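Residue numbers (this note's numbering), protein chains in the order written: chain A, 7 to 207; chain B, 7 to 207.
Honestly, the hints are just simulated from the structure, not real lab data. These figures come from a predicted structure and were not determined experimentally. It cannot be assumed that every hint is accurate.
Copies of the same chain look alike in the list, so a pair counts if it fits in one copy or across any two.
Listed next, the in silico DSBU-like pairs over lysine-lysine satisfying Cα-Cα at most 35 Å (straight line) [claimed, not checked]:
hint: 1; residue 1: 44; residue 2: 202
hint: 2; residue 1: 45; residue 2: 135
hint: 3; residue 1: 43; residue 2: 135
hint: 4; residue 1: 144; residue 2: 43
hint: 5; residue 1: 144; residue 2: 205
hint: 6; residue 1: 135; residue 2: 44
hint: 7; residue 1: 44; residue 2: 205
hint: 8; residue 1: 43; residue 2: 202
Number of protein chains: 2
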Amino acid sequence: MARGTASPEIEQLIQLLARLPGLGPRSARRAALDLVKKKEQLLQPLATALATARDTIVTCEACGNIDTVSPCTICRDETRDRTLICVVEEVGDLWALERAGVLQGLYHVLGGTLSPLDGIGPEDLTIGKLVERARDPKVVEILLALNATVEGQSTAHFISDQLADCGVAIYRLAHGVPVGGELDYLDDGTLAAAVKAKKMV
Amino acid sequence: MARGTASPEIEQLIQLLARLPGLGPRSARRAALDLVKKKEQLLQPLATALATARDTIVTCEACGNIDTVSPCTICRDETRDRTLICVVEEVGDLWALERAGVLQGLYHVLGGTLSPLDGIGPEDLTIGKLVERARDPKVVEILLALNATVEGQSTAHFISDQLADCGVAIYRLAHGVPVGGELDYLDDGTLAAAVKAKKMV
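Given the sequences, and given the hints that come with them, work out the whole structure.
Structure, rendered in structure tokens:
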């Protein structure tokens, strides 16, 4: 052990943990110590869960969701409304919508947003595949559920151009005051959108 | 897949990741997605590193440090000053002192602090072993490097009572203004300690 460092095995573990989103170098050290301390209850099950995930998780060839089967369980579900495709940036967004339980349709995971500065163009996302799916006469509606960020909105704009001649209705999510949100903490853009889209009570 | 949940393999991974310190349920989901997305670069190496840690890391029988050998590399290091034992709460504190490179002696990891409310008494820490080590005539000085918290300080107090008849000099870390610290942001106790222990320039 060099002065000031742990053994190479632990250093390796710390460095990998530090690459997880949400963990910095300091919290990765704490996590590694905690793992070694709880060998039976945490380290061993996590090693097994990672090995299982590595061996079983695949990306759905139809929608880009992750699951142990492809097409994924959502795409296979015959009770789902096959006339609606909801487009999301990442699998995490799909999960959020599924947790809310507000959509009965299918999904399409783009795998990110257009970002010319980072060299991410339309061919790096699954936009071509989406256009192909939208051409299926069964599909009636496409809901663009992208983040309300500059990148999300410019990607949504690009996609609606691409879908223009597919004969589908294209929607986006409504803007407004988040449920439980306090007006005093909202940005001007959200307030303006909420006033513009006011509803009669 | 039940509505609103990922596949059981991913849910299992998320739940284990959420038990790491510093990761909540939401960041554990993000971490799991990131792992699955970066199978070759992150998931696979992390699974291997965890398996290696599980198989190779042991607790040093002498000082309580973690390493791949026992006694640990620090305890085996013949260049270390064997007259000084620095007592710390956790392995993370040992690492912090080693990173600072300020101690040439050996360490003793307590494994926590006394906490009667949580049912943690002296027999749950390595205090008995410390007293045993302190009785070694080679040991001259014990430095209690415990956290400056109520638990840390009451544990330090208890330990110095236990060590009273071991014939060793017992020290604690100095209190004062942290290097780079701004007075305006320090608590009254630290300021009082810094004034009381003022040094001539």
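Results of checking the hints against the structure:
1. 44 x 202: Neither way: residue 44 and residue 202 sit 55 Å apart in one copy and 42 Å across, limit 35 Å.
2. 45 x 135: between (44 Å within a copy, 23 Å between copies)
3. 43 x 135: between (47 Å within a copy, 19 Å between copies)
4. 144 x 43: Close across copies (31 Å), not inside one copy (55 Å); limit 35 Å.
5. 144 x 205: within (32 Å within a copy, 82 Å between copies)
6. 135 x 44: between (45 Å within a copy, 22 Å between copies)
7. 44 x 205: For residue 44 and residue 205, the Cα distance exceeds 35 Å both inside one copy (54 Å) and across copies (44 Å).
8. 43 x 202: neither (56 Å within a copy, 39 Å between copies)
Hints 1, 7 and 8 from the list above are not met by this structure, while the remaining hints are.
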